[in-house]
Amino acid sequence: MGGQENIVIRTEQVSKSFPGVRALKELDFEVTRGEVHALCGENGAGKSTLMKIIVREYVEDEGNIFIEGHNVEGLGIRGVQELGLSIIHQELNLIPMLTVAQNICLGREPVNWIGKIDWKSMRKMAEEFLSEVTSEIDVENFVENLSISEQQLVAIARSLVTSPRILILDEPTARLDQKSSDSFFSFIERAKQKDLTVVYISHRLEEIYRICDRVTVLRDGKKIITEQINELPQTELVKYMLGREITQQVPKESVPIGEVKLSVKDLFPKEKGANINFDLKSGEILGIVGSIGAGKSEVARAIFGADPKKKGTISVAGKEVKINTPQDAIREGLALIPEERRDQGLVGNESVRKNMTMAALKKKFCVGPSWIQKDKEIEAVETSIRTLRIATPGTEQEVQFLSGGTQQKVVVAKWLMSDSSIYIFDEPTKGIDVGGKYDIYKLIVDLARQGAGIIFISNELMEVLSLCDRVLVMFNGQIIKGLETVATNREELLFYVMGGRDYAETANNSKGYH
Amino acid sequence: MNKSNSNAVSTPALANEPAEKASRKGNLHLIQYGIFIIFGLYYVIVTILRPGFLSLGNFYDIFIETSIISFVSFGEAIVIAAGGLDLSVGNMAGAAAMLTCHLMSNMGYDIWVSIVAGVAIGGLIGLGNGLMVTRLHMNSLIATLGTMFVLVGFLYGITGGVSVHIVPENFEYLGNGTFLNIPIPMYIMAVVFVLAYLFMEKTSYGRNITMIGGNIEACRLSGVNIKKLTLMTFVICGFLSTFSGILLAARQAVGNVDLGERFLLEGFIAAMLGTVIFNGKNIITGTLLGAIFLVSLLNGLTLLGAGPQWMYFAQGALLLVAIMANYYSKRSMLKLPGKK
Ligand SMILES: Nc1ncnc2c1ncn2[C@@H]1O[C@H](COP(=O)(O)OP(=O)(O)OP(=O)(O)O)[C@@H](O)[C@H]1O
Ligand SMILES: [Mg+2]
Numbered sequence: 001m002g003g004q005e006n007i008v009i010r011t012e013q014v015s016k017s018f019p020g021v022r023a024l025k026e027l028d029f030e031v032t033r034g035e036v037h038a039l040c041g042e043n044g045a046g047k048s049t050l051m052k053i054i055v056r057e058y059v060e061d062e063g064n065i066f067i068e069g070h071n072v073e074g075l076g077i078r079g080v081q082e083l084g085l086s087i088i089h090q091e092l093n094l095i096p097m098l099t100v101a102q103n104i105c106l107g108r109e110p111v112n113w114i115g116k117i118d119w120k121s122m123r124k125m126a127e128e129f130l131s132e133v134t135s136e137i138d139v140e141n142f143v144e145n146l147s148i149s150e151q152q153l154v155a156i157a158r159s160l161v162t163s164p165r166i167l168i169l170d171e172p173t174a175r176l177d178q179k180s181s182d183s184f185f186s187f188i189e190r191a192k193q194k195d196l197t198v199v200y201i202s203h204r205l206e207e208i209y210r211i212c213d214r215v216t217v218l219r220d221g222k223k224i225i226t227e228q229i230n231e232l233p234q235t236e237l238v239k240y241m242l243g244r245e246i247t248q249q250v251p252k253e254s255v256p257i258g259e260v261k262l263s264v265k266d267l268f269p270k271e272k273g274a275n276i277n278f279d280l281k282s283g284e285i286l287g288i289v290g291s292i293g294a295g296k297s298e299v300a301r302a303i304f305g306a307d308p309k310k311k312g313t314i315s316v317a318g319k320e321v322k323i324n325t326p327q328d329a330i331r332e333g334l335a336l337i338p339e340e341r342r343d344q345g346l347v348g349n350e351s352v353r354k355n356m357t358m359a360a361l362k363k364k365f366c367v368g369p370s371w372i373q374k375d376k377e378i379e380a381v382e383t384s385i386r387t388l389r390i391a392t393p394g395t396e397q398e399v400q401f402l403s404g405g406t407q408q409k410v411v412v413a414k415w416l417m418s419d420s421s422i423y424i425f426d427e428p429t430k431g432i433d434v435g436g437k438y439d440i441y442k443l444i445v446d447l448a449r450q451g452a453g454i455i456f457i458s459n460e461l462m463e464v465l466s467l468c469d470r471v472l473v474m475f476n477g478q479i480i481k482g483l484e485t486v487a488t489n490r491e492e493l494l495f496y497v498m499g500g501r502d503y504a505e506t507a508n509n510s511k512g513y514h
Numbered sequence: 001m002n003k004s005n006s007n008a009v010s011t012p013a014l015a016n017e018p019a020e021k022a023s024r025k026g027n028l029h030l031i032q033y034g035i036f037i038i039f040g041l042y043y044v045i046v047t048i049l050r051p052g053f054l055s056l057g058n059f060y061d062i063f064i065e066t067s068i069i070s071f072v073s074f075g076e077a078i079v080i081a082a083g084g085l086d087l088s089v090g091n092m093a094g095a096a097a098m099l100t101c102h103l104m105s106n107m108g109y110d111i112w113v114s115i116v117a118g119v120a121i122g123g124l125i126g127l128g129n130g131l132m133v134t135r136l137h138m139n140s141l142i143a144t145l146g147t148m149f150v151l152v153g154f155l156y157g158i159t160g161g162v163s164v165h166i167v168p169e170n171f172e173y174l175g176n177g178t179f180l181n182i183p184i185p186m187y188i189m190a191v192v193f194v195l196a197y198l199f200m201e202k203t204s205y206g207r208n209i210t211m212i213g214g215n216i217e218a219c220r221l222s223g224v225n226i227k228k229l230t231l232m233t234f235v236i237c238g239f240l241s242t243f244s245g246i247l248l249a250a251r252q253a254v255g256n257v258d259l260g261e262r263f264l265l266e267g268f269i270a271a272m273l274g275t276v277i278f279n280g281k282n283i284i285t286g287t288l289l290g291a292i293f294l295v296s297l298l299n300g301l302t303l304l305g306a307g308p309q310w311m312y313f314a315q316g317a318l319l320l321v322a323i324m325a326n327y328y329s330k331r332s333m334l335k336l337p338g339k340k
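Note that the protein sequences, when read in sequence, are chains W and F.
Those letters in the first sequence? Residues 1 to 514, per the UniProt record's numbering, in order.
Those letters in the second sequence? Residues 1 to 340, per the UniProt record's numbering, in order.
Where hints are given, some of them may not hold.
Unchecked claim - Computed list of lysine-lysine pairs in DSBU-like fashion (alpha-carbon distance at most 30 Å, straight line):
#1 F:Lys228 <-> W:Lys192
#2 W:Lys322 <-> W:Lys270
#3 F:Lys202 <-> W:Lys374
#4 W:Lys311 <-> F:Lys202
#5 W:Lys309 <-> F:Lys281
#6 W:Lys442 <-> W:Lys364
#7 W:Lys270 <-> F:Lys202
#8 W:Lys265 <-> F:Lys202
#9 F:Lys228 <-> W:Lys364
#10 F:Lys228 <-> F:Lys281
#11 F:Lys202 <-> W:Lys179
#12 W:Lys124 <-> W:Lys239
#13 F:Lys227 <-> W:Lys376
#14 F:Lys202 <-> W:Lys194
#15 F:Lys281 <-> W:Lys376
#16 W:Lys322 <-> F:Lys281
#17 W:Lys362 <-> W:Lys322
#18 W:Lys364 <-> F:Lys202
#19 W:Lys362 <-> W:Lys376
#20 F:Lys227 <-> W:Lys364
#21 F:Lys228 <-> W:Lys270
#22 F:Lys228 <-> W:Lys310
#23 F:Lys228 <-> W:Lys376
#24 F:Lys227 <-> W:Lys194
#25 F:Lys227 <-> W:Lys309
#26 W:Lys362 <-> F:Lys281
#27 W:Lys309 <-> F:Lys202
#28 W:Lys319 <-> F:Lys227
#29 F:Lys202 <-> W:Lys116
#30 W:Lys363 <-> F:Lys281
#31 W:Lys192 <-> W:Lys179
#32 W:Lys362 <-> F:Lys202
Calculated from the structure, these hints are not laboratory results.
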């Protein structure tokens with residue numbers, strides 16, 4: 001126990017229960033000064049709960065927590081902030097109607113001598129914190145106009161306002177695209193040099209191996225192990241997390257590719273941007289990649305009728321269709337798994353059952369014009385809970401009480417129930433654990449085998465490369481490249497994602513972007 | 001609670017700020033159970049002071065009154081479930097009642113024709129409200145406020161502001177008659193309650209109406225027909241409001257222009273209570289309980305001899321409690337940004 005004063009966070013035998021769930025069981029956890037400490041575990045393992053207890057948003061049922069040697073009992077959220085602790089939550093908590101600067105300085109607005117908010121110094125303050133993570137966002141812009149990835153960067157900047165010495169990051173990269181991730185990692189590197197302590201939660205193992213020093217694995221609310229990261233091979237780590245081994249192979253097999261299922265012509269999703277043209281065949285999994293502002297989600301939303309489009313024709317199975325609302329799209333057999341689960345996918349105060357059956361309620365769970373068959377609902381929902389390993393105490397739990405990744409699984413399950421023929425997945429594996437990702441890949445391949453056409457939008461290039469048949473790269477609202485996945489690799493994709501023109505040529509003159 | 005006492009250092013300057021989340025949830029339950037506890041206590045006190053409160057006759061009074069306001073309360077609850085608000089319920093009830101009375105007493109139409117006309121006018125006004133909200137994208141508060149004042153004009157227009165004394169005896173029977181010793185309005189309430197309950201809990205319409213109130217964007221992206229359902233809530237509310245109005249006229253045996261005015265406040269209170277009693281679930285049953293609570297509160301106050309100022313005071317306080325409870329339960333939903 002030589003370095004007592006070097007232990008910045010220590011929990012002793014912490015337990016926490018929610019109705020129907022024992023989230024944490026007698027947990028001991030320690031973080032030493034200056035390290036980047038990874039916290040791993042399946043969805044619902046208790047990672048976020050432990051962090052919320054440490055920052056005093058929840059109160060433990062039993063046990064003790066020490067921060068910098070202080071027992072935090074009786075301290076509130078502000079209290080632990082003053083001990084140097086700051087957290088970035090798994091869910092975005094920004095206020096959309098306010099500007100970036102207002103969000104960053106919320107509750108700490110600089111005022112002039114008569115107590116009026118001093119806009120100029122507020123702007124400066126916001127810029128200063130934002131520049132730690134990015135230089136590409138205007139602080140005067142409203143948060144609702146930012147992409148999800150940019151919003152995440154703003155949330156990170158906001159957590160720096162209290163000048164923390166310990167930073168808790170709950171899946172910060174789940175919402176970041178490739179480019180923002182890179183600037184985020186260089187921020188972490190700089191932070192490490194300044195002796196900041198970081199607790200880092202993520203389901204992306206490469207990241208953990210890239211930036212972390214030690215790792216703690218939770219499973220079912222219990223600590224399984226704490227280990228130096230470079231002494232723990234990845235397969236071992238996964239085994240500790242899941243309690244079982246998984247064959248880390250995307251179950252991709254050659255699915256026969258059929259007729260054109262969806263054909264998009266001359267689509268202008270918004271005022272800006274160029275026209276989008278592509279075909280999707282039945283049995284095909286078509287990836288779409290690109291960085292912030294590339295317009296991937298805009299295209300998805302325009303096809304699905306979620307946003308009004310400027311113009312363009314969409315044909316399903318060779319027949320031109322009119323899609324102006326999501327309802328039209330669903331009638332034509334389309335499904336869109338949206339980007340942001342909480343705002344676009346879930347009704348938080350309703351049960352897992354009602355959320356899951358929402359999209360197919362009339363079609364599959366009603367007799368007569370609208371009489372709901374509850375047993376049929378329950379049966380289907382229970383099946384989904386099993387196949388997707390959804391961590392919930394039951395079908396009637398309100399989704400707001402599920403862990404972040406579990407909520408995401410509910411959204412995916414909802415659309416898997418819809419029996420659609422064209423699926424657009426917009427980052428479906430965001431926040432989902434290693435095991436869960438493979439379950440979802442398997443289900444997607446199953447859909448393809450049954451003849452559905454699938455559009456798979458993702459920021460994780462490896463995921464796209466291993467799952468998809470073909471990839472479209474978007475840049476600045478345009479499709480700049482279409483590639484067969486068998487004939488390309490991560491470097492090439494990344495090159496085009498960054499806006500490169502001709503990979504073969506550039507690769508010859510050694511690497512360099514643009 | 002059962003935390004071991006620790007002897008570690010605690011910085012006094014930072015102490016004593018309750019954990020926000022936990023206390024917020026606590027408040028919610030406190031308010032929910034609180035409603036039952038407060039009413040339980042109230043009944044005990046009133047019974048001690050005025051034993052007549054527990055008599056059968058008084059129960060009938062309470063239940064007839066409850067029946068009359070229950071319809072407008074169900075309607076308001078359904079509108080609220082989808083995230084709207086209808087301020088015109090009172091005047092819709094009044095308009096329907098006046099129209100019915102006028103047609104049968106002054107114009108000599110058949111009772112049933114008059115009643116159907118009264119109910120139909122409510123449905124039409126509800127349709128108008130719904131169209132303003134769904135087609136013209138007006139805020140429901142503003143749209144129905146407009147309707148409310150237009151209806152005042154209509155009310156005075158029908159009879160020139162003169163009360164209508166009801167001629168046909170059969171009509172009064174609707175409000176004051178009994179069948180098997182049970183007042184007629186209670187039968188009507190029972191039927192409407194069951195239908196409304198089934199509609200909200202067992203059909204896809206009711207399910208989706210509640211889901212819209214939870215997160216409209218998620219519903220839109222799941223293909224729920226938001227416009228149709230929102231329109232439907234206002235039409236239903238219009239229909240149901242007329243029941244309250246016509247029954248009240250029948251009970252009083254007179255139709256007057258301000259007959260419906262009380263229903264806005266009463267319906268709103270019962271619906272708000274109904275929304276919190278089961279935490280946003282099963283709102284129809286909740287609203288029935290809310291209506292019973294409200295009526296018995298006023299009934300008890302009357303027995304105690306309280307003046308109108310106390311009536312308003314009590315209703316206002318109850319409304320605030322219900323709104324507060326609603327606010328807390330909303331805050332705990334994940335759709336709203338939780339913390340600072
Ligand atoms: N407020 C709450 N009410 C009820 N149950 C809760 C609440 N918060 C968390 N839980 C439950 O506690 C367990 C742990 O949840 P937690 O959010 O800590 O998981 P997690 O490890 O962060 O998962 P993920 O990787 O999906 O984010 C889950 O089973 C969850 O359903
Ligand atoms: Mg979590």
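These are the hints, each one checked on the structure:
1. For the given pair, Lys228 of chain F sits about 55 Å from Lys192 of chain W by alpha-carbon distance, which is inconsistent with the 30 Å threshold.
2. Our distance criterion of 30 Å between C-alpha atoms is met by Lys322 of chain W and Lys270 of chain W, whose separation comes to about 17 Å.
3. With a C-alpha separation of about 8 Å, the suggested pair Lys202 of chain F and Lys374 of chain W falls inside the 30 Å cut-off, and the hint holds.
4. Pair hint Lys311 of chain W plus Lys202 of chain F does not hold up; C-alpha atoms about 40 Å apart against a cutoff of 30 Å.
5. For the given pair, Lys309 of chain W sits about 37 Å from Lys281 of chain F by alpha-carbon distance, which is inconsistent with the 30 Å threshold.
6. Pair hint Lys442 of chain W plus Lys364 of chain W holds up; C-alpha atoms about 23 Å apart against a cutoff of 30 Å.
7. With a CA separation close to 40 Å, the supplied pair Lys270 of chain W and Lys202 of chain F exceeds the 30 Å bound.
8. With a C-alpha separation of about 42 Å, the suggested pairing of Lys265 of chain W with Lys202 of chain F is violated against the 30 Å cut-off.
9. Among the hinted pairs, Lys228 of chain F with Lys364 of chain W is consistent with the structure: their alpha-carbon atoms are about 20 Å apart, no more than 30 Å.
10. For the hint pairing Lys228 of chain F with Lys281 of chain F, the CA-to-CA distance comes to about 22 Å; that is within 30 Å, so the pair holds.
11. Distance hint between Lys202 of chain F and Lys179 of chain W is unfulfilled; the C-alpha atoms sit about 48 Å from each other, more than 30 Å.
12. The hinted pair formed by Lys124 of chain W and Lys239 of chain W fails the criterion: a straight-line CA distance of about 47 Å is larger than 30 Å.
13. A distance of roughly 28 Å separates the Cα atoms of Lys227 of chain F and Lys376 of chain W; the hinted pair therefore holds under the 30 Å criterion.
14. For a cut-off of 30 Å, the pair hint linking Lys202 of chain F to Lys194 of chain W is broken: about 59 Å separates their Cα positions.
15. Taken as a hint, the Lys281 of chain F and Lys376 of chain W pair is honoured in the structure, with Cα atoms around 21 Å apart against an allowance of 30 Å.
16. For a cut-off of 30 Å, the pair hint linking Lys322 of chain W to Lys281 of chain F is broken: about 37 Å separates their Cα positions.
17. Distance hint between Lys362 of chain W and Lys322 of chain W is fulfilled; the C-alpha atoms sit about 22 Å from each other, no more than 30 Å.
18. Restraint check for Lys364 of chain W and Lys202 of chain F: the C-alpha separation of about 15 Å stays at or below 30 Å, so the hint holds.
19. Of the supplied pair hints, the one linking Lys362 of chain W and Lys376 of chain W holds, its CA atoms being roughly 12 Å apart against a limit of 30 Å.
20. Restraint check: the Cα-Cα separation between Lys227 of chain F and Lys364 of chain W comes to about 22 Å, which is no more than 30 Å; the hinted pair holds.
21. Under the criterion of a C-alpha separation no larger than 30 Å, the hint pairing Lys228 of chain F with Lys270 of chain W is consistent with the structure, at around 27 Å.
22. Restraint check for Lys228 of chain F and Lys310 of chain W: satisfied, since their Cα atoms lie roughly 26 Å apart, inside the 30 Å limit.
23. About 26 Å separates the Cα atoms of Lys228 of chain F and Lys376 of chain W, which keeps this hinted pair within 30 Å; it holds.
24. Between the alpha carbons of Lys227 of chain F and Lys194 of chain W the distance comes to roughly 55 Å, so the proposed pair goes past 30 Å and is violated.
25. Distance restraint check for Lys227 of chain F and Lys309 of chain W: the Cα-Cα separation of roughly 20 Å lies within the 30 Å cut-off, and the hinted pair is therefore satisfied.
26. Under the criterion of a C-alpha separation no larger than 30 Å, the hint pairing Lys362 of chain W with Lys281 of chain F is consistent with the structure, at around 21 Å.
27. Among the hinted pairs, Lys309 of chain W with Lys202 of chain F is inconsistent with the structure: their alpha-carbon atoms are about 37 Å apart, more than 30 Å.
28. For the hint linking Lys319 of chain W to Lys227 of chain F, the alpha-carbon distance of about 28 Å falls within 30 Å, and the restraint holds.
29. The suggested pairing of Lys202 of chain F with Lys116 of chain W is violated, with an alpha-carbon distance near 54 Å, which exceeds 30 Å.
30. The straight-line distance between the Cα atoms of Lys363 of chain W and Lys281 of chain F is roughly 24 Å, inside the 30 Å bound, and the hint therefore holds.
31. A hinted pair counts as satisfied when its Cα atoms are at most 30 Å apart, and Lys192 of chain W with Lys179 of chain W qualifies at roughly 20 Å.
32. A hinted pair counts as satisfied when its Cα atoms are at most 30 Å apart, and Lys362 of chain W with Lys202 of chain F qualifies at roughly 12 Å.
The structure does not agree with the numbered hints 1, 4, 5, 7, 8, 11, 12, 14, 16, 24, 27, 29 stated previously, though it agrees with the rest.
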